[in-house]
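Enquirer: Each chain, written out:
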Amino acid sequence: MKTKRYFNRELSWLEFNARVLDEALDSGTPLLERLKFLAITSSNFDEFFMVRVASLKARIASGDLEPEPSGLAPAEILAAVAKRAKEIVRRQYDCLLGEILPALEREGLAVVRPSTWTAAERRKLEDHFADLVAPLLTPLRVESPPEPGASASDGLPGKSAAGDVFPGSEVGLSDAPRPLDLEGPDASGKNALAAHDIPSIGNLRIHAAFLLRPEQRSAPRGTSADRGADRGAGRDADAAKSDRLAVVQVPPNLDRFIRIPTDAPGLRIALLDDLIAAFGQRLFPGYAVVERLLFKVTRDADIGVDEDREDDFIAAMEEVLVGRQNSWPVRLTVSADSERLAERLMRLLGLGIDDVYTLPGPIDLRTFMELASNEGIAAIPGGERLRYQPWPPIQVFEPAEDSTIWDEIRSGDRLLHVPYESFDPVVRFLEAAADDPAVLAIKMTLYRTSGNSPVVRALTRAARNGKQVAVLVELKARFDEERNIAWASRLEQAGAIVVYGLARLKVHAKAALVVRREDNGSIRRYLHLSTGNYNDRTARLYSDLSLFTANEDLCRDASVFFNMITGYSTVQELRFLAVAPFDLKSRLLGMIAREAQRSSPESPGLLMFKMNALVDADTIDALYRANAAGVRVLLNVRGVCVLVPGVKGLSENIRVVSVLGRYLEHSRVFYFRNGGAEEMYLSSADLMPRNLEKRIELLFPILDETLRERVHEILAAYFMDSAGAHSLARDGKWKRVEPAEGEKAYSSQADFYSVVKRRRALLEEPPERELPVRRRPS
Amino acid sequence: MSEPASKTPLAVIEIGSTGIRLIVAEVNGTGGFSILDRAGKPSRIGRDVFTNGYVSRDATRESIAVLLSFRELLRGYGISPRAARVIATSALREAANRDTFVDRVSLQTGFHVSVIEDLEENHLMYLAVQHALQDERSILSRSNAMILEVGGGSTEIMLLKRGRMAGSHSLGIGTVRVDEFVRSSGAAPGSLRQFLEDNVRTACDLLEEELPLDSVKTFIVIGADARLAASRIEAQRFDQYAIVAREAFSRFAEEAAALSPEDCVAKLRVPWSEAESLGPGLAIERLFLERTGAEEVVVPNVSIREGLLLAEARGPDPEHEAEMTRQVAASAAALGRKFHYDEDHARHVADLALALFDGLAAEHGLGGRERLLLEASAILHDVGSFIRASGHHKHSEYIISNSEIFGLSRGELTVVANVARYHRKTPPAGSHLNFIALPREDRIVVQKLAAILRVADALDRGHDRRVRGIALERREDRLIIRAEGSKDLSLERLSLAEKSDLFEDVFGLEASLS
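From first to last, the protein sequence lines stand for chains U and X. Heads up: the first sequence is residues 1 to 778, going by the numbering used here. Heads up: the second sequence is residues 1 to 514, going by the numbering used here.
None of these hints come from the bench; they were simulated from the model. Careful: at least some of the hints might be erroneous.
Far from chain U, some chain X residues (derived; all Cβ distances over 10 Å) [said to hold, decoys possible]:
id, residue
1, D37
2, N97
3, E180
4, L206
5, G508
Below are the EDC-like pairs computed for lysine to aspartate or glutamate, each with C-alpha atoms no more than 16 Å apart in a straight line [stated by the list, open to error]:
id, chain 1, residue 1, chain 2, residue 2
6, X, K425, X, D501
7, X, K217, X, E295
8, X, K267, U, D583
9, U, K86, U, E492
10, U, K86, U, D46
11, X, K267, U, E693
If you anchor each label on the Cβ, the simulated ranges turn out as follows [to be verified]:
id, chain 1, residue 1, chain 2, residue 2, range
12, X, R410, U, Q597, 25 to 35 Å
13, X, T51, U, P399, 21 to 31 Å
14, X, S260, U, R91, 49 to 59 Å
For clarity, every value in this text was computed on a predicted model and none was experimentally measured. Backbone N, C-alpha and C define an ideal beta-carbon position, used for all residues, glycine too.
Could you build the full structure based on these sequences and the hints that come with them?
Expert: Spelled out as structure tokens, the structure:
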């Protein structure tokens with residue numbers, strides 16, 4: 001068999017999500033963490049479909065049938081994706097229903113579905129629904145294409161004015177907004193809506209669908225009678241033809257998890273969407289609910305802003321956000337309650353059977369994250385033991401009492417390893433800059449951060465204190481745009497110079513530069529360069545490396561870099577920093593080629609890279625060439641990896657692992673043995689064409705030898721991991737890395753934390769015992 | 001820290017024909033500096049001026065926008081626009097509306113723009129090159145060298161003979177002009193090549209008279225085009241400069257010339273702003289290179305901005321001033337040689353004149369700059385004899401005012417020409433147009449320097465250096481010049497009586513020789 005040169009990117013991504021799921025399947029993982037991994041698997045899928053699958057479909061729609069480097073044509077990929085994704089989803093729900101939910105129930109947290117509600121519970125929930133939920137609901141009647149076998153003409157008898165359709169007043173909905181009638185053909189006979197789609201069904205929002213049939217006689221509106229009508233009525237074909245489809249959105253602003261009052265120990269929780277499906281018939285007086293279903297539509301989110309609209313980029317961005325709610329559908333997720341409804345929705349949305357995911361349990365596991373975090377803890381006595389043992393972030397970089405953060409950074413470069421170490425030094429760096437009268441200016445990139453973050457607060461204060469604050473805010477950070485617009489305006493009002501990104505390039509680099517006039521009048525700069533965003537929240541979950549330095553060369557380059565991205569300057573070549581999309585890729589390729597050149601049988605080269613994704617074909621080809629020159633290549637790729645390792649004559653010297661764990665591995669590290677003159681770089685960039693060609697990214701060297709060794713240790717640890725690591729085989733399958741016979745599993749993440757703890761302990765040694773210890777400049 | 005207290009960083013901005021560029025630097029007490037920051041934006045001033053003769057409204061507006069953003073950048077270093085040094089080079093120099101431009105910039109941005117002259121540009125460039133190569137002094141002194149910078153509107157050339165300035169020129173050929181030529185003539189690419197070759201050949205033929213170009217072993221090119229070439233091809237890289245092999249440079253230049261600006265951007269990863277000039281710039285540089293005997297091309301990582309920074313940073317530095325004086329004198333001597341002057345006489349008169357100048361410090365009240373002008377005038381006073389002995393002072397004036405002397409501005413060159421003009425015969429008069437065209441201060445300087453030069457020239461009347469040296473003695477309103485050397489000074493006395501008239505008028509002293 002001819003071996004491939006590259007794996008397919010989408011299929012490789014699916015394997016990544018399967019590895020995430022693997023963490024949930026691992027019985028060694030604490031119960032609530034397992035639930036969390038199930039939730040992450042789902043939210044990963046959402047993003048994947050919104051972006052990758054959507055763009056695949058767009059390619060097919062545009063007639064692009066070219067096979068991609070893996071040799072697969074778009075349609076083949078799509079089919080393979082559906083097959084594999086469904087397998088993964090099946091495993092996910094098997095785990096949820098077979099293991100996690102029962103185990104949670106044993107721990108005193110029961111998620112109860114309608115079939116297991118007791119009669120008393122049912123009554124309480126129905127009251128809850130009538131009092132608190134129904135007033136917020138807005139049923140939509142949807143024109144549906146005739147079902148197979150039914151002719152178009154007899155599909156919709158009795159079409160009437162909107163008010164007649166679901167007279168809400170009869171069910172006490174007089175205050176509710178008037179039901180919106182979405183029937184297609186209007187009075188003039190024009191089809192107002194495209195046949196394929198229901199635009200008002202927002203992206204990723206949970207909805208309930210009902211199949212309604214006008215009641216022949218005035219039926220009592222009691223619950224049981226309705227249920228009877230629903231279940232038992234002997235329907236004839238005519239009745240079925242007149243069935244109508246109605247849709248109700250589950251209000252996103254209500255809690256999904258509803259505690260059922262109970263005297264028994266433990267907690268019983270019902271799902272809001274279950275309530276709406278179960279009691280929704282109250283919204284449709286005069287109709288019987290024939291079938292019901294919960295569903296969620298995933299839409300194309302890969303729509304970009306019109307980059308050439310320079311007049312008001314913020315306005316354009318806001319339009320994109322609205323657009324994302326209505327863009328075309330790519331996936332339909334349904335509960336297993338009604339094949340007929342699923343089928344109708346599928347046709348309405350213009351989707352195929354491959355795009356429909358029928359789930360045997362609650363849909364949208366994303367929100368179960370909440371349950372795993374807070375609710376779960378509250379509910380379960382001693383719930384902490386169902387979670388990872390906490391590793392509170394530790395502060396190692398802390399200026400001594402008689403010195404300032406500036407003195408500390410000037411005395412030597414500092415490395416920060418979050419979330420093992422606390423993110424605080426970054427915040428303090430900015431706060432000190434905001435309050436120090438000697439500081440003249442702060443320049444910074446902000447990609448994903450929260451509005452209430454201490455970072456933004458410090459910058460705002462600095463601007464108010466009269467510092468020059470120049471911030472490049474990347475509005476285009478996907479899914480964060482809305483939040484970004486809000487706090488960016490606040491910063492601007494405080495007097496900061498805010499640059500709202502660059503046309504056609506996303507600014508993904510993470511850098512902060514402080515310009516300070518020292519006591520002797522000279523200018524000194526302090527720089528922070530990072531692999532992770534300036535976001536104090538993700539800094540508790542994402543594993544990132546960052547550097548504090550006052551190195552003049554790096555600071556000068558950083559100044560020029562900021563001039564480039566804030567519009568003061570055209571692109572200039574820098575000496576120590578490499579910038580995508582200008583020279584980052586060529587420098588990386590150059591350094592890989594150098595490694596190959598310098599490699600000899602006596603002294604083989606060594607490359608160790610860590611990143612989130614490896615997709616760029618040029619880089620992969622360079623690595624294959626290095627392989628041919630005998631260079632040993634160790635890659636730690638958390639997510640997508642389309643490089644094929646371990647193939648004789650292509651990649652036998654290349655090993656790929658992927659490490660997952662409690663923290664999301666986010667740092668990008670590049671190590672070159674370089675014939676003994678080792679070089680170590682950190683970067684904001686993954687090796688994807690997107691990062692290397694369409695984004696502003698930074699690659700920066702670790703010049704301090706001690707720090708270089710430390711990064712080296714961190715990097716090397718991943719390749720010894722036998723607790724959260726998978727290793728990639730040449731057939732594209734990932735296998736868990738098991739500890740060697742008779743050895744204990746080694747967790748790199750656990751090791752990083754203990755290293756940080758040791759470094760902190762060294763700091764705290766009482767002075768007299770410090771003598772033999774020798775503080776290392778960390 | 002032991003550095004001297006309170007030093008505000010310096011900002012230098014250059015408004016050039018293709019871009020507006022900035023550097024911020026800190027001076028380190030010893031006359032050097034370290035760069036803190038740089039920025040640059042493209043400008044179309046050159047294109048406007050070289051086609052229409054003036055800066056368009058749009059270009060003015062764009063320039064102001066760039067300067068406003070630089071003002072913002074400088075605020076981050078606590079530098080006010082007034083404190084920044086802003087210079088404009090050839091493009092603005094030639095613009096009909098340069099004063100309006102300077103005024104609008106000043107009103108709207110607070111930056112004060114000084115338009116510098118081409119010769120001053122050379123001076124600053126030399127400073128920058130010297131600084132970049134300072135660790136490797138021998139590069140400049142061990143052999144003959146050519147320093148070349150191809151700009152948008154002009155090409156600056158300096159020739160150094162074993163470290164001494166042998167010629168300094170500003171040619172009216174630049175990348176933007178060349179591009180305009182191609183556009184306006186709708187010429188085929190081949191004719192551009194011909195155009196450049198003709199221009200460079202003519203220029204080189206002139207340079208040959210100052211220095212045989214195949215004796216030039218060190219070829220130094222400044223500018224973004226050459227820097228880009230050096231960064232894209234095999235080079236020995238040093239901190240402040242790179243060295244590229246001649247063939248490699250030529251090959252890259254040929255390749256770049258064959259690329260469209262679009263291809264430059266795509267294939268060479270050149271910013272748009274630089275892509276248009278890359279081909280023609282390198283082509284001109286290659287043509288010069290091929291006329292020299294250099295095996296390597298030295299590409300310093302500096303520009304005129306670093307030169308300006310050095311000039312600012314150094315202020316009056318005796319050692320540096322002395323070096324510049326030597327280079328000015330060397331450049332004047334090179335001009336003299338071109339016109340087959342009597343080198344010994346010229347040098348001797350210069351030395352005598354300087355001795356007089358130094359002895360009369362209290363009387364003339366002039367400074368080092370004027371001393372330099374006197375030296376240049378003395379070296380070149382007889383240069384007009386090349387044309388004809390009769391009326392040679394007028395020919396000297398003509399030659400000097402139409403030549404270039406390294407380190408002297410156009411205004412200074414005019415002073416030198418006038419001083420040479422009055423080294424004999426009629427003293428300055430109200431009917432002499434070239435004299436009355438001078439600013440008042442310069443007229444006084446010319447009178448004083450010419451007075452001294454006439455006396456010095458008289459002392460070597462026989463062109464035989466019989467007066468080897470002099471000592472001065474003041475007696476009331478008499479100046480007694482005591483000559484060292486030969487006792488028979490009758491010829492010189494005679495000559496002095498004839499030529500000291502101006503000296504008596506200007507200084508109120510009667511000069512006599514004993």
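Enquirer: Now, for every hint given, state plainly whether the structure supports it.
Expert: Structure-based check of each hint:
1. D37: violated (4 Å)
2. N97: Per Cβ check, N97(X) is outside 10 Å of chain U; nearest 26 Å; holds.
3. E180: Non-interface label stands for E180(X): nearest chain U Cβ at 22 Å, farther than 10 Å.
4. L206: holds (36 Å)
5. G508: With a cut-off of 10 Å, G508(X) remains clear of chain U, as the shortest Cβ separation is near 50 Å.
6. K425(X) to D501(X): holds (10 Å)
7. K217(X) to E295(X): holds (7 Å)
8. K267(X) to D583(U): holds (12 Å)
9. K86(U) to E492(U): Roughly 47 Å separates the two Cα atoms, so the pair is violated.
10. K86(U) to D46(U): This hinted pair holds, its Cα atoms lying about 13 Å apart.
11. K267(X) to E693(U): Answer holds: K267(X) to E693(U) is near 14 Å, not above 16 Å.
12. R410(X) to Q597(U): 25 to 35 Å: Since R410(X) and Q597(U) have Cβ atoms about 54 Å apart, the given range 25 to 35 Å is violated.
13. T51(X) to P399(U): 21 to 31 Å: Distance hint for T51(X), P399(U) is violated at roughly 60 Å.
14. S260(X) to R91(U): 49 to 59 Å: holds (56 Å)
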